[in-house]
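Chemist: Respectively, the protein sequence lines represent chains A and B.
The opening residue of the first sequence carries number 0 in numbering that gives the first Met the number 0; numbering runs sequentially from there.
The opening residue of the second sequence carries number 0 in numbering that gives the first Met the number 0; numbering runs sequentially from there.
Keep in mind the hints are simulated off the structure, nothing from the lab.
Among the hints, a few may not be true.
Straight-line Cα separation of at most 20 Å, SDA-like style, residue types lysine to any residue; simulated pairs [claimed, not checked]:
#, chain 1, residue 1, chain 2, residue 2
1, A, Lys66, B, Ala143
2, A, Lys182, B, Asp331
3, A, Lys385, B, Asp331
4, B, Lys470, A, Lys385
According to the in silico footprint, chain A covers these stretches of chain B (three or more CB under 8 Å from chain A) [to be verified]:
#, region
5, 138-144
6, 164-173
Sample of chain B residues with no beta-carbon within 10 Å of chain A, all distances over it, derived [claimed, not checked]:
#, residue
7, Val221
8, Lys226
9, Arg297
10, Glu342
11, Ala353
12, Val367
13, Ala551
In this text, a Cβ means the ideal position worked out from N, Cα and C, and glycines have one as well.
The primary structure of each chain is shown beneath.
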Amino acid sequence: MASPFLSNTIISFSSSLSSSSSLPRLAPSIPFSAIRSKSTPRRILTVRSKIREIFMPALSSTMTEGKIVSWVKSEGDVLSKGESVVVVESDKADMDVETFYDGILAAIVVGEGETAPVGAAIGILAETEDEIAEAKAKAASKSGASTPSAPPPAPTPAAASTPAPPKSTPAPAAPTVAEGPRKTVATPYAKKLAKQHKVDIESVVGTGPYGRITPEDIEAAAGLSPSKKNVGLAVVVETKPAAPAKAPAASAAPSSLPPPVPGSTVVPFTTMQSAVSKNMVESLSVPTFRVGYPVTTDALDALYEKVKPKGVTMTALLAKAAAMALAQHPVVNSSCKDGKSFTYNSNINIAVAVAINGGLITPVLQDADKLDLYLLSQKWKELVEKARAKQLQPQEYNSGTFTLSNLGMFGVDRFDAILPPGQGAIMAVGASKPTVVADADGFFSVKNKMLVNVTADHRIIYGADLAAFLQTFSKIVENAESLTL
Amino acid sequence: MHSTLSFSRATTVPTTNYAFHSQSPINLRFCGLRREAFGISILTRSSSGRVRLSTRGRSKRISASTGNNGTPPKSFDYDLIIIGAGVGGHGAALHAVEKGLKTAIIEGDVVGGTCVNRGCVPSKALLAVSGRMRELQSEHHMKALGLQVSAAGYDRQGVAGHANNLASKIRSNLTNSMKALGVDILTGFGTIVGPQKVKYGKVGFTDNIVTAKDIIIATGSVPFVPKGIEVDGKTVITSDHALKLEFVPDWIAIVGSGYIGLEFSDVYTALGSEVTFIEALDQLMPGFDPEISKLAQRVLINPRKIDYHTGVFATKITPARDGKPVIIELTDAKTKEHKDTLEVDAALIATGRAPFTNGLGLENINVVTQRGFVPVDERMRVIDANGNLVPHLYCIGDANGKMMLAHAASAQGISVVEQVTGRDHVLNHLSVPAACFTHPEISMVGLTEPQAREKAEKEGFEISVAKTSFKANTKAQAENEGEGLAKLIYRPDNGEILGVHIFGLHAADLIHEASNAIALGTRIQDIKFAVHAHPTLSEVLDELFKSAKVKAPASTSSPISEPVAA
């Protein structure tokens with residue numbers, strides 16, 4: 000009714016603008032198949048008859064759970080191979096996930112805004128309409144209990160043997176109040192959480208009013224018996240085997256913290272910050288040591304001045320130098336996965352720490368030793384842009400074998416970095432400064448020097464290894480021309 | 000408030016109609032005129048009645064009598080007495096004064112009735128709070144907009160105060176608007192003692208008897224509490240108590256998942272409660288278009304801290320006492336067998352509303368209520384026990400149960416006043432919109448898809464359905480609120496709008512384009528040429544109309560000469 004008074008305005012507006020259109024989706028698309036071929040034992044889809052489950056994909060090696068940002072398709076929609084079905088937020092980025100089967104989205108098991116552990120069924124795909132009902136039944140049973148491990152279940156009519164519904168087990172494990180067969184009372188959110196984290200609600204002792212199970216109880220229960228299922232899926236790199244056991248210890252601690260200072264504000268971590276926090280805590284389980292080395296950079300600086308107009312950055316130069324040094328010292332490029340062996344990496348992939356708005360990410364320059372300086376610089380530029388746009392593909396931030404962290408541009412003269420889980424060493428680079436040096440003959444001169452400090456896992460890399468590596472690195476930098484070869 | 004708005008709209012209907020559809024340049028001048036008239040009438044509401052008089056100067060017949068509440072009739076105290084000063088009674092009273100009737104309104108409680116004091120109005124205050132809380136708590140949403148907010152919190156007392164203040168503000172507006180026009184507000188409980196005769200009075204005082212040519216019953220309704228449920232006003236409550244927000248329970252069961260239940264679930268979950276719905280029917284949100292309720296469930300129920308039991312009755316609810324929580328016995332709706340027992344911190348009974356017609360003295364004029372409702376015909380005329388019309392007696396609003404919505408009551412009241420002042424009028428209830436103020440909102444007008452299909456089958460015409468998504472709307476995207484759907488059910492042969500259902504940002508405000516089109520009989524092939532400002536949410540409906548495939552061509556000249564609703 001308002002429009003008639005405003006006719007003039009309306010006319011001018013409408014003449015300048017046409018009708019609306021939907022925004023194009025910017026997030027990168029990863030087909031299930033791509034993920035599958037990449038990381039060895041990861042299993043994305045289970046095929047059972049013609050009803051398929053859509054699993055929460057592992058979009059990065061550090062991802063243990065993912066949040067459904069939105070379902071692009073809704074229940075009953077017909078999907079064709081390659082279409083985006085759901086948008087998942089990992090600890091690093093939002094990704095479109097595609098189906099690589101035709102079919103009908105029969106049921107959504109994990110709704111928008113909810114999170115599910117990696118490998119958990121998030122939706123059910125039926126091949127034909129006739130199977131929708133069956134698929135829905137399955138979805139219902141799915142929500143009850145957990146079977147995301149174990150490769151393709153035996154083709155027996157497994158669907159019938161829905162893992163024991165809670166009622167049938169009178170839960171002797173719950174020694175609450177001994178007044179007869181007391182029924183379990185759980186709040187709505189507690190039930191949702193239990194479903195999400197696959198916690199058997201009957202095994203949880205309620206601490207809420209009237210002995211009811213609260214969301215906190217479920218969280219505690221989920222934390223104390225950390226993701227058993229994830230171990231089954233434990234993948235390629237780092238963290239999984241030892242790490243999860245650490246987390247609950249950390250989560251149990253805060254009870255003894257002093258109350259917050261009045262007036263303070265609490266800002267919860269973003270997903271990325273949570274991932275950083277988790278990695279940092281996990282790093283405590285690795286015995287590390289540090290070795291520093293002063294490197295003369297006059298040659299490097301001169302080279303930099305020369306190649307700067309061609310788009311080469313200091314980061315690329317340092318990455319290249321480190322990669323070349325690593326090529327001669329493969330042990331520094333190795334990692335220790337299980338505390339019992341060396342894992343020598345065939346590629347030299349230099350991860351470079353970048354601060355991005357509210358977080359930290361490590362885009363990876365793959366095969367840095369093999370690419371020439373210009374390609375490397377080009378590659379780096381692309382990676383940084385992608386990182387800022389939150390569009391990095393998993394292999395672009397989780398495939399590093401060695402990390403480089405440079406705070407020199409801020410004038411920091413030396414610092415020491417924390418070794419990220421899954422890698423053997425990390426290099427912290429300080430600023431290059433004019434320094435008075437005396438040579439063997441007692442002559443003084445002024446040279447640019449920077450302090451380089453490497454943190455390494457002492458289970459595999461010993462002091463002499465690191466010293467030798469740094470010596471090589473220093474030589475490469477001092478003879479910077481070799482970097483352009 | 001909105002009743003005034005709707006009536007001034009009604010008076011300008013012919014102009015609107017013409018202005019809207021005429022393509023000639025005169026159009027603009029008409030719009031200008033209309034704006035002026037409208038602007039002044041807005042002024043009147045907040046200031047005195049004298050200004051109004053000057054506005055009405057345009058129509059000589061009315062202006063003479065407007066200021067002083069009509070001339071007293073010879074044989075009656077009043078032309079019109081309205082029992083109940085809720086939104087329905089208020090709307091009727093205002094229109095009656097405009098029509099030159101000497102009017103009185105009897106109220107035993109506070110002016111404003113349920114809507115203003117215990118319903119729509121205070122609940123909107125709570126929902127305004129919950130909407131903001133929701134936004135501030137949605138880290139994802141905030142992040143997407145580039146905002147950073149540290150933990151949002153609320154002060155229960157402050158929230159409750161806001162609801163209470165709003166109710167008293169609206170109540171005094173309502174009272175003042177009637178006083179300003181000279182409507183006599185008679186305080187006391189009204190009882191019909193005979194034809195055209197009403198008794199009113201406070202307890203402990205002598206009763207007064209007044210007569211009127213016509214009487215409108217507008218006594219409204221009270222929350223319906225099924226038997227077996229013990230309401231203590233503390234832990235087992237109705238919407239009356241809940242709106243005072245005396246406490247925010249950790250876990251509350253809401254019995255009934257209609258508008259009231261749904262709105263309260265929005266409030267409680269935003270304030271940190273967990274909610275369990277108990278619904279007697281097999282699915283949540285009965286009464287909404289199935290597609291809309293499916294989507295609403297996906298957005299309003301599933302991601303929130305809510306679970307539900309459907310197909311069950313809450314046959315027994317015991318308030319918390321003696322160190323025990325609220326205990327709810329659930330019985331299967333079909334087998335009548337005991338199904339489950341819930342233990343919660345509080346229970347809100349939102350099972351609907353029962354007419355408030357006891358003590359009205361209907362027996363004195365041989366009227367028998369049906370489940371408490373006063374039987375009426377399509378013109379709101381009261382029907383007695385023998386099936387005959389009771390002369391000069393009308394019943395509007397919740398008390399007749401036709402459509403239990405505040406604005407429907409007001410529209411019915413206006414329709415009655417039209418009739419008693421000599422113009423026959425039947426309200427088209429299919430043009431009355433309804434809204435549920437969750438986040439996002441739900442709104443609808445006309446038939447649901449299953450209702451339309453049934454009607455189509457019976458009457459032998461075809462129907463089609465058109466849909467648009469809020470995802471395609473620029474303004475919705477700018478607000479980062481792309482979740483939503485608008486749905487149009489129509490006749491492809493002649494372009495008649497049968498129903499429109501909207502779920503999405505500001506759906507309650509968007510529905511009026513559709514409801515007005517239905518009320519005025521505007522067809523899709525014509526309304527699709529109406530222009531919408533870009534970028535606005537109203538383009539959702541624009542797209543909706545444009546996506547409809549109507550076989551009939553657009554009208555050439557003035558499209559509809561006579562409004563269908565008239």
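Chemist: Over 10 Å to the closest beta carbon of chain A is the bar; see if B/Arg297 clears it.
Modeler: The assertion about B/Arg297 is violated, with a minimum of 7 Å to chain A.
Chemist: Apply the coverage criterion to the region 138-144 of chain B and chain A: a residue qualifies when its Cβ sits closer than 8 Å to a Cβ of the chain, and three qualifying residues are needed.
Modeler: holds (count 3)
Chemist: With a cut-off of 20 Å on the C-alpha distance, tell me whether A/Lys66 and B/Ala143 pass.
Modeler: holds, 15 Å
Chemist: Is the Cβ of B/Val221 more than 10 Å away from each Cβ in chain A?
Modeler: Since the minimum Cβ distance to chain A is about 29 Å, B/Val221 lies beyond 10 Å and the statement holds.
Chemist: If we take the beta carbon of B/Ala353, is the closest beta carbon in chain A still more than 10 Å away?
Modeler: holds, 29 Å
Chemist: B/Ala551: least C-beta distance to chain A exceeds 10 Å?
Modeler: Given that every Cβ of chain A is farther than 10 Å from that of B/Ala551, nearest at about 23 Å, it holds.
Chemist: Would you say B/Val367 is clear of chain A, with no C-beta pair closer than or equal to 10 Å?
Modeler: holds, 42 Å
Chemist: Count the residues of the region 164-173 of chain B whose CB lies closer than 8 Å to any CB of chain A, then report whether that count reaches three.
Modeler: violated (count 0)
Chemist: So B/Glu342 supposedly isn't at the interface. Is its beta-carbon more than 10 Å from every beta-carbon in chain A?
Modeler: The claim breaks: B/Glu342 does not keep its Cβ more than 10 Å from every Cβ of chain A (closest is about 5 Å).
Chemist: Can we confirm that no CB of chain A comes within 10 Å of the CB of B/Lys226?
Modeler: holds, 26 Å
Chemist: Check whether the Cα positions of A/Lys385 and B/Asp331 lie no farther apart than 20 Å.
Modeler: violated, 56 Å
Chemist: Is the Cα-Cα distance between A/Lys182 and B/Asp331 20 Å or less?
Modeler: Judged against 20 Å, a Cα distance of about 19 Å means the pair holds.
Violated hints for the displayed structure, listed by number in ascending order: 3, 4, 6, 9, 10.
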